[in-house]
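Engineer: What follows is each chain in one-letter form.
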Amino acid sequence: MDLLTELAILVLAAFVGFEVISKVPNTLHTPLMSGTNAIHGIVLLGGLLVIGPADGFLEDLLLVVAIAFGTINVIGGFLVTDRMLAMFKGKKPTPVAGAGEAETPEPPK
Amino acid sequence: MSRGDFIALLYIVAFVLFISGLRMLRGPRTAVRGNQVAAVGMAIAVVATLIDQRIGDWGLIALGLVVGTAVGIPSARSVKMTAMPQMVALFNGVGGGAVALISVVEYGEALEEGGNPALEELIPILLAAIIGSISFWGSIVAFLKLQESLKGRFAIPRAVNAGLAALSIALAVAIAAGVESEGLFWVMLLVAGALGVLAVLPIGGADMPVVISTLNAFTGLSAAAAGVALDNTALIVAGMLVGASGSILTKQMAEAMNRSIGNVFFSGLGAGGPAAAATENGGTVRSTSAADVAIQLSYARLVVVVPGYGMAVAQAQRAVADLAAELEKRGVEVLYAIHPVAGRMPGHMNVLLAEADVPYDKLKEMDDINGEFARTDVALVIGANDVTNPAARSVTDSPIYGMPILDVDKSSSVIVLKRSMSSGFAGIDNPLFYDPKTSMLFGDAKSSVSEVLGEVQQL
Chain A
7 MDLLTELAIL VLAAFVGFEV ISKVPNTLHT PLMSGTNAIH GIVLLGGLLV
57 IGPADGFLED LLLVVAIAFG TINVIGGFLV TDRMLAMFKG KKPTPVAGAG
107 EAETPEPPK
Chain B
325 MSRGDFIALL YIVAFVLFIS GLRMLRGPRT AVRGNQVAAV GMAIAVVATL
375 IDQRIGDWGL IALGLVVGTA VGIPSARSVK MTAMPQMVAL FNGVGGGAVA
425 LISVVEYGEA LEEGGNPALE ELIPILLAAI IGSISFWGSI VAFLKLQESL
475 KGRFAIPRAV NAGLAALSIA LAVAIAAGVE SEGLFWVMLL VAGALGVLAV
525 LPIGGADMPV VISTLNAFTG LSAAAAGVAL DNTALIVAGM LVGASGSILT
575 KQMAEAMNRS IGNVFFSGLG AGGPAAAATE NGGTVRSTSA ADVAIQLSYA
625 RLVVVVPGYG MAVAQAQRAV ADLAAELEKR GVEVLYAIHP VAGRMPGHMN
675 VLLAEADVPY DKLKEMDDIN GEFARTDVAL VIGANDVTNP AARSVTDSPI
725 YGMPILDVDK SSSVIVLKRS MSSGFAGIDN PLFYDPKTSM LFGDAKSSVS
775 EVLGEVQQL
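Quick mapping for you: the protein sequence lines, in order, are chains A and B.
Mapping of the first sequence onto the numbering used here: residues 7 to 115, in sequence order.
Mapping of the second sequence onto the numbering used here: residues 325 to 783, in sequence order.
It is possible that part of the hints are untrue.
Partial list, derived from the structure: chain A residues whose beta carbon lies under 7 Å from chain B [claimed, not checked]:
1) LEU10
2) ALA14
3) LEU67
4) GLY76
5) LEU91
Bear in mind the hints are in silico, worked out from the structure with no lab data behind them.
Glycine is no exception: its CB is placed at the ideal position from the N, C-alpha and C atoms.
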């Protein structure tokens, strides 16, 4: 892929990123930060792609660490976000949700 | 369809899931699902990458994935709710670290291909390396500070950070200009890392979320740069999404604390010290939004409304009653705390609320309700001031010292609806407003309450 196509994708993705976060209530700032944090764990893919062609012990070592780091970022990020959001899970004010499950949601700070 | 096309297609599916997931994370009702949607997108992106022809060394890949999972899951599960911010900082840091390490290998590969690597290959690698390293080391410091392993105040002269920034850029320019040295690349990583450490070191606890959010955006940017170097659209799109949304989020977080981002990062550097952020009253006031108040109220178990003269002036009693009815429909217990001298005449509040058809048994006298504040999730103070002033309990030279007050400061969080920061009838300052668990919603009581009601109905 040539550089200019990549730059076009880059710029468009930036605009989507700006637009998608318009107004967020303060209560959701931390979970949203944590959620986006998990998404940049995507760099894991970089480690996966580079480790094949890479050679030498040092390069392999660095990339195994990079893959482990990326995996921690992704899995830990999504799990932690899910736990933070648990306070919105229990008493969902929509009529669809089954009433009574998890009757003690964490009170908001 | 070639294998490459199939992978590209799966990536596009992942982008759609990332963007929808982020959108859903904006509202409390959809946030949980939004996070899951984004996680599914990530799983698809990982699987798609694993079918790429370039993938080799399965053993090493498995090793990395297994170690990462073995560390990630237990730490995310066991961390205490109160330790969440430092956990996010740590997860963010390892992401930045991964980018930096990958860029080292990429640079080595580029050198091996022989000749002087092309600029369009080198520049993204160098950017990814510098930003990734800043993010890694900065996040580690943020983690240590939040964990309180790193205590004390640090003042780093602005010139030191500027010098480190200039040095890392100079090294990058030298490498781009053709100095082929992996050693120099490592030096550049170290200099950028030192900048990350020293930039975060002076920043104090309350500002940490803004710092973590900034570093989060940085890691996103570095991932996008790595994506350009690796010709990988998934990295470019997801990295840039985080870079951009993280920047906006950082700005909003800073605004919520009445700070600018520059103020957060540089106030510790000058002579400011802890007083830089504080008003002359000795504390900062946090303002909030109707949407936020709505979320806090809807997810509370017990809300105690503390009405005062402000509610009477704004004729807000009917709106207050409507809000309470809406909350009760959602299973929230709502009580009213009536101070004997709230308003301008005895029984003022009782009359107004009775007029708005609030059941009489919901109105609690001061002595009955004061014991309840300890189990109150949100105390909603509507236009009351002096009757909630904790100075009456503790500040012996205060003109209202000794006056019995409603102990709203005992509840888990306090929301004060108020027209402005002016003081109450007695003309004295109220420390309640500077309490860290207090947030202020400024505006006319009636329109504020109506706005909150509107937001609650949308939840």
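Engineer: Take the hints in turn and mark each one as holding or not.
Structural biologist: Each hint tested on the structure:
This hint is violated: LEU10(A) has a C-beta 10 Å from the nearest C-beta of chain B, more than the 7 Å allowed. For the restraint placing ALA14(A) at the interface with chain B, the shortest Cβ-Cβ distance is roughly 10 Å, beyond the 7 Å limit, so the hint is violated. Below 7 Å, beta-carbon pairs count as interface contacts, and LEU67(A) has none with chain B, the closest being about 9 Å; its hint is therefore violated. Because the closest C-beta pair between GLY76(A) and chain B is about 4 Å apart, less than 7 Å, the hint holds.
For LEU91(A), the interface hint holds, the least distance from its beta-carbon to any beta-carbon of chain B being 5 Å, beneath 7 Å.
Figure legend: structure checked against the earlier numbered hints; hints not met, in rising order: 1, 2, 3.
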